[in-house]
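Peer 1: Input sequences plus hints: build the corresponding full structure.
So the sequence lines, in the order shown, correspond to chains G and B.
Each number in our numbering corresponds to the 1-based position in the first sequence with 406 added.
For the record, in the second sequence the residue sitting at position 128 is 108 according to our numbering, with numbers rising by one throughout.
A portion of the hints provided could be inaccurate.
Some chain G residues judged to face chain B by a derived CB distance under 7 Å, without partners named [unchecked claim]:
no. : residue
1   : 554
2   : 557
3   : 564
4   : 713
5   : 716
6   : 717
7   : 724
Just so you have them, the derived chain G footprint on chain B, three or more residues with Cβ under 8 Å [said to hold, decoys possible]:
no. : segment
8   : 157 to 163
9   : 310 to 322
It is worth saying that the hints were derived from the structure and are not from the lab.
All residues carry an ideal CB built from backbone N, CA and C; glycine is no exception.
These are the residues of each chain, in order.
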Amino acid sequence: MSRRGAVGASIAAAALILGLLGLGWGDYPLSPAQVFEAIWSDASFAHTVVLEWRAPRVVAALACGAALGISGMIFQTITANPLGSPDIIGFATGSYSGALLATTFFGAGGAVITGGALGGGLATAGVVYGLTHRYGAQAFRLIIVGLGVTAMLHALNLWLLTRMHQELALAAAIWAGGSLNLVGWGDLGWGLPLLALAALGSVHLLPLLRQLELGDDLAAAHGVRPNRARMAAIGLGVALVAVVTAAAGPIAFIALTAPQIAARLTGGPGLPLGSSAATGALLLLSADLVAQFIAPQPLPLSVVTVCLGGIYLMGLLVRESRWSMSGGQYE
Amino acid sequence: MRFASPPAATAEPSALAVQLRANRRWRWGSLLLALALLAILSLASLALGAKAIPLPEVAAALTGGPASPEAVSLVIGLRLPRTVAGLVVGAALGLAGALIQALTRNPLADPGILGVNAGAAAAVALAVGLLGIDQPGYYVLFGLVGALVASIVVSALGLGDPLRLVLVGMALGAVLAGLTGAIRLTDRQAFNAMVAWELGSLTDKSWNVILPLIPFALAGAVIALAIGPALDALVLGQDTATSLGVNLLLTRVLAVAAISLLAGSATALAGPISFIGLMVPHLARRLTGPSQPWVLALSALFGPSLLLAADIIGRLVVSPAEIKAAIVTAFIGAPILIHLALRPKLVTL
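Peer 2: As structure tokens, then:
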């Protein structure tokens, strides 16, 4: 097995082990052995706790984290910049705006929220890229424009919240903090297949992404149409973020950090797809466990991811100031 | 920024003199215009809201003339402190923005975007959450320290590239906002204390919160206006500034002190508000040209105008509910940030 494969597999294994441990933690603590027992024994209380209460949350953390990792990998590859991730450029906030608008007009419901999130994310992507595409490789402009769009959308979201019905607004506000609390098997039933589909699409797209990494000219010389490949990649990346946002609210900084951490662990050129997914899953699950258990009462998930991710981002910027930004090289 | 092209190189001396005179008249004109605008918006802020009060009745309420008790309680009890808070916070943020743009020579700088306001907010949250301080009068001290630490950290990490400075500031702001949120959510007592100190809003500010802050903001404003001429030299570059006899270190230290005083007291009063410090100096510079004392003076007048306008808009669009002023300023200010970032050549100041 190559080094990349081995590292990716060990990260994934770590995520799964943490997931098993996570099934046992909570007000009703269980040892890993008891967790196993509970899974196979029907109708016991432990069975209900593990499979009905805790498992959806752990599965959602793993799946959403993996999806965010893949999405971050896609966007950082096509912008050729470690800061070009969907949470920084505003797609996550845009997805949330779309979901809020959809609930305002069509009422709550899984399909409505997902559709709205997808539309909002794609529209945001269109606006941000439309404004910045003529600057090409100057990714910093893209990021500042994305930050501006994020600030506007954030204001829009808060305005929408004040106009909503009180009950709906309260639910939406909890969701705004990013939470896996309310995710049940029902939500996963439609979310997981969509995520799996988008993940398969990304695997299919990977060779094209690798060509884009070489630059548009070389990619075109190899028979790839750079713009079409980029559009497809953006569509997939936004879809992944939108489904996660619809299920768990906007979760910042996982998409930003996971691919970069994975790239440093695996080594080699470019950003790894599988390891990014595994790292994202591990990060989000850890953040969710920290959010649940570090304080006397559970914190919103985004508080944890924002704190850790922001510190990471500052470190990244300090390191980056030593390199030239012009080419957007990874290292 | 758009430096007025030096006419001395090409124009006749007489033409230069004419232009300078015209320029000066234009500057005094802008100053009067800004004052008039501020006066109109202050009156509007007293008159408008969920229940609009006609101006004669506002005047009567203010002067103790014949006015309905309802109008008196609305104008004197609620809208007057709110308007004064808007004036103080807006002027402080406008000045802080002009200072930070001159200091970093960065047209995208703003105490909100760079995380200085978030630093002040996090320090206040820490004071409430960890130290159990519940006297709003003490908030300002922690706000000042937080603003100072954040402005030093950001300027140390992000010096040089204007865009990187913004990113570092945004990252720092995100971390600090996350910290503030965590404290607010985990500590019930802190949450209750900080509900009164609502984030980014001018509502429900009582006089015993506003008055203790005014000396701090005033001190910041005095320092800012005093170092204006030195900043003019600083904007020309370090070497030129030194050769003009400006004490660079002293100017920088004073500027950071003034930014901390202004942003810290503004945040301690109203919570973190972004984008005012970004927009206002650009408008001022466009009207007066590149003269820092003038930019500072106009920013101090446009800042409160903008904040009061945002506050009034926030009262009217979802009446009888309200939107926080900080949300309105973000919605107005973000397109300006985008516009500035998309200029073909990103000019450093």
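Peer 1: Now look at each hint and say whether the structure bears it out.
Peer 2: These are the hints, each one checked on the structure:
no., hint, in the structure
1, 554, "holds (4 Å)"
2, 557, "holds (4 Å)"
3, 564, "holds (5 Å)"
4, 713, "holds (4 Å)"
5, 716, "holds (3 Å)"
6, 717, "holds (6 Å)"
7, 724, "holds (6 Å)"
8, 157 to 163, "holds (count 5)"
9, 310 to 322, "holds (count 9)"
Of the numbered hints listed earlier, not one is contradicted by the structure.
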